[in-house]
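Peer 1: Need the complex rebuilt from these two chains, each delivered in its own frame; the hints are there to steer you.
Chain residues, written in single-letter form:
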Amino acid sequence: MKIAQEVRAGNVIMVGKDPMVVQKAEFSKSGRNASVVKMKLRNLLSSGGTESVYRADEKFETIQLDKKEVTYSYFADPMYVFMDAEFNQYDVEKDNMQDALPYLEDGLACELTFYEGRAIAIELPNSVVREVTYTEPAVKGDTSGKVTKPARIASGFEVAVPLFVGTGDQIEIDTRTGEYKRRV
Amino acid sequence: MQPDLRRFDVFCRIVDNFGDAGVAWRLARLLATLHRRDVTLWIDDTAPLAAIVEGVAVDADVQTVDGVRIARFDAAADAAPADAVIEAFGCGLPSRYLDAMEHRPPVWINLEYLSAEAWIEGVHGLPSRQPQRPLTRWFFFPGFTARTGGLLRERDLFARRAAFNTPRRDAGLDVSLFCYANPALPALCDAFARGGEAIRLRVADGVAAGDFARWLGRPLPAAPARVERGSLAIDVLPFVPQPIYDERLWRSDLNIVRGEDSFVRAQWAQRPFVWHIYPQRDAAHRAKLAAFLDRYLTGVPDGAAAAIRRFSEAFDDGDGAATAAAWPDLRIALPVLETHASAWARRLADLPELSTSLVEFAESRYN
Chain A
1 MKIAQEVRAG NVIMVGKDPM VVQKAEFSKS GRNASVVKMK LRNLLSSGGT
51 ESVYRADEKF ETIQLDKKEV TYSYFADPMY VFMDAEFNQY DVEKDNMQDA
101 LPYLEDGLAC ELTFYEGRAI AIELPNSVVR EVTYTEPAVK GDTSGKVTKP
151 ARIASGFEVA VPLFVGTGDQ IEIDTRTGEY KRRV
Chain B
1 MQPDLRRFDV FCRIVDNFGD AGVAWRLARL LATLHRRDVT LWIDDTAPLA
51 AIVEGVAVDA DVQTVDGVRI ARFDAAADAA PADAVIEAFG CGLPSRYLDA
101 MEHRPPVWIN LEYLSAEAWI EGVHGLPSRQ PQRPLTRWFF FPGFTARTGG
151 LLRERDLFAR RAAFNTPRRD AGLDVSLFCY ANPALPALCD AFARGGEAIR
201 LRVADGVAAG DFARWLGRPL PAAPARVERG SLAIDVLPFV PQPIYDERLW
251 RSDLNIVRGE DSFVRAQWAQ RPFVWHIYPQ RDAAHRAKLA AFLDRYLTGV
301 PDGAAAAIRR FSEAFDDGDG AATAAAWPDL RIALPVLETH ASAWARRLAD
351 LPELSTSLVE FAESRYN
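Residue numbers (our numbering), protein chains in the order written: chain A, 1 to 184; chain B, 1 to 367.
Next up, chain B with everything else stripped away, as it sits in the complex (with noise of 0.2 Å):
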């Protein structure tokens, strides 16, 4: 039996807005809630915070939320290294905090990002002796395979699904979107305005707000507000908590997300989506793409799995004719994803889930 890490360390960097916050905090609060452990999340930026998580005060130095203490990430600097350091994406640790960690070496774990790429099996897990340091750090890796760290998920979360009544609605289309940047987005909404079926469009305030500009000739106005072009009806919305954007997949008929937490949510949301994946140098995010597509369609009927990826490859690429050439087909496909969609969520409810594996993981590695 190994001794019990009772206090974690949660460091994270907001590179990316929504995305960093959005997994540290889900961690954090599962670290807390679930697992019962002593939980610091030290975070460099409270705001991004405060949109997605309730009760939490930008200003505040220190604050206590859902039985996670919220610290500001410089403040850590002065503290005792926990018995566990879980830095997210390799944020870096502030210098005199790694001092401390020489003196009484916490587990301390890069949690890594998602990746459906094979080579993610033989990296997790692995140890990085660290060369100007007496310390070890080890890479967890989330993924889609029992042969990484699982994806995290709330223990009640299938039971909020089932319980949710999805609201009885007019004829048309709910497609969410929360994506990055895209300059295909103009020719995807003349798409929308005019397929002649009714479509609500429902957009974070604030996201890719140029090439809203660009479709529109003027800004998109704030949250909330209601723009409307031909069958396209833009809802522009506030951000939300967690649980309540939660929601608001389960109530989409499609939903378009990006980088890592949102495109997790959506896979558990169970409803078709496009992955609009961050973009990256000498287009890797192409390889990304096309990895997870190859492990999520397996099985789908060729003709839907057509559809998804061209949509998919087209988006990603940010090109706009292909991808308003491509949304017929997707159209046409989505009753064929939507039973897909649940079917790959109970298969990923059979992986390890993240926040129990990493906790497993840190106990068989704690002296």
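Only chain A is shown next, with the shape it has when bound in the complex (with noise of 0.2 Å):
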């Protein structure tokens, strides 16, 4: 068990009966001593976003989440399949890989998070690197990055990019943000 004042960004309390991971922990001092703490939270079973106030003192039951490392294999519709390095297959339900959808394409390696067995999330690597597959041309000389177009990548997904991306180039992208990082 954990207090709230204990739990940091990355725990995993249990709420009821949803396994919630905590993205955002703030600490704040009340009255008399007392104290709140106010976290940013996501059902692992819904993927529903919540923001929620407890008191500091307030004690909930944490859990350890299971991971294994896998790349993406396909899309068997509705579910997405994962591989492990012994061939183990592991199914992911579309609404648990929202954040993963743009960046997903063949053997993309990655981290699968279970709850009791079942592939509940994905952790992709905090950066990919893609094809720009369209953007508009080129513009020579304009190396400073300040001014930016949309720039597609084989998902669809539009990225940011300075001016002088083409399309063909190979581009970083950081998948906690969506923000284009460089030109590889």
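Zero decoy hints are in this set.
Okay, the calculated bits of chain A under chain B, using three or more residues with CB under 8 Å as the criterion:
| id | segment |
| --- | --- |
| 1 | 9-16 |
| 2 | 31-38 |
| 3 | 47-60 |
In silico lysine to any residue, SDA-like type, Cα no more than 20 Å apart, as pairs:
| id | chain 1 | residue 1 | chain 2 | residue 2 |
| --- | --- | --- | --- | --- |
| 4 | A | K94 | A | T71 |
| 5 | A | K181 | A | V147 |
| 6 | A | K38 | B | L135 |
| 7 | A | K59 | B | P134 |
| 8 | A | K94 | A | Y74 |
| 9 | A | K40 | B | A118 |
| 10 | A | K59 | B | L135 |
| 11 | A | K59 | A | A25 |
| 12 | A | K59 | A | A34 |
| 13 | A | K59 | B | D99 |
| 14 | A | K38 | B | A284 |
| 15 | A | K38 | B | E117 |
| 16 | A | K59 | B | E102 |
| 17 | A | K59 | B | C91 |
| 18 | A | K59 | B | P131 |
| 19 | A | K17 | B | Q132 |
| 20 | A | K59 | B | T136 |
Just so you know, the hints here were simulated from the structure itself, not pulled from any lab data.
Where is the CB? At the ideal position from N, CA and C, for every residue including glycine.
Peer 2: Rendered as structure tokens:
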């Protein structure tokens, strides 16, 4: 058990029957030596996000989730299928794939999170390299990167890139923010 | 149109004598009288309530005063939960009452502490889904902005205030004092006694008794009594019902108040005041005092703002020498601060009234 004051981002706490991953925890001192903790939580079963507030001494059961390194194999509607090094296959529902879909391609290495034997979340590498499939023609000379234009990658996802990036270029994208990092 | 919430249960445990009872009673009374709800105030000690509310009998297990049913806290264990349950300052609820809530969940609201800090706006009205029970508790924060629950205020308060005729007085200054124990008090009394200006210090019976005893070399006599030294006359007064306390604030040139309830009433009194904030571990109260003064002193001329800030910080730190040194400048600033106090009260009156915003909040979450 942990009290709310001890809960940190990344912890998984049980709220009722729902495992909730803590995305953010902010501690504030209230009155008469009492404190509150504001938490941003994501339900690992439903993927639903919520903001909550707890007294700092509220008790939570915390859980350790199993994780496994896998690669993306294929889409078998409506499940996304991943495979580990021993060729075991794991299905992930589309609702739990939302943040990963823009970067998904065959062989993508990532980490699956399991709750009670069920794959409930996918964790991408912090950055991926993808080819620009279409963008307006490159503008030579402007290397500042301050002015941007949209660039599409194979998944259809659009990234704001500097003007000098052209179709066919390989670019590195931060998967946490969806932002362009550099041309590779 | 949401269904009407008829029954409100307000829970209060006495931690700090009059503050808990004061806030819980004001809210319960407004819910009953202004909003016409069936209200039970479950309170673990009726003695502080009896000191500030006329007609409350200390020994009664159940009684009704001003439309509010008052009952013993522990007796709620056998009661059916109301439509809305208000927990004052996270005081906790009897476990059997919580068990019963699981069968028919009410709108459960934790009425939190008042603060002027900005983070309040980010947590006011957020849910707190309980980890161990199928219940949600909502956090409701009083405050000084439209994005908080606001402050408690009776609808006729300004009219009563306007109709109050301040008695004609001789020269000199009236100061009311309702603070926590404070080691700065002896030095402040010295400054009052030696200042040359006649000062009448009205002290509620038993307040800061140890500090006055240190200054006098003997305990203050019980109310009603007067003690004089130099230009200072200390009037020891009995605790009075809340409406009479308002009048005490209205007729004073300076009010030194504490905690939450008297702090809010001092602002509605439209008089200069000093806030003795509840002292907290790690000096957490300093940030809260600073946040309030930053809001309160916006638009106040620099000299007067500096004077009240310096005095408040010294007094809240319990620094006698600094408090005494800050007094002459605060005295000079009182006329400016009096003008500001009226403007501040009018500004606060434009914000949500707490009992009203709480009822609206509860109704919006009632299934």
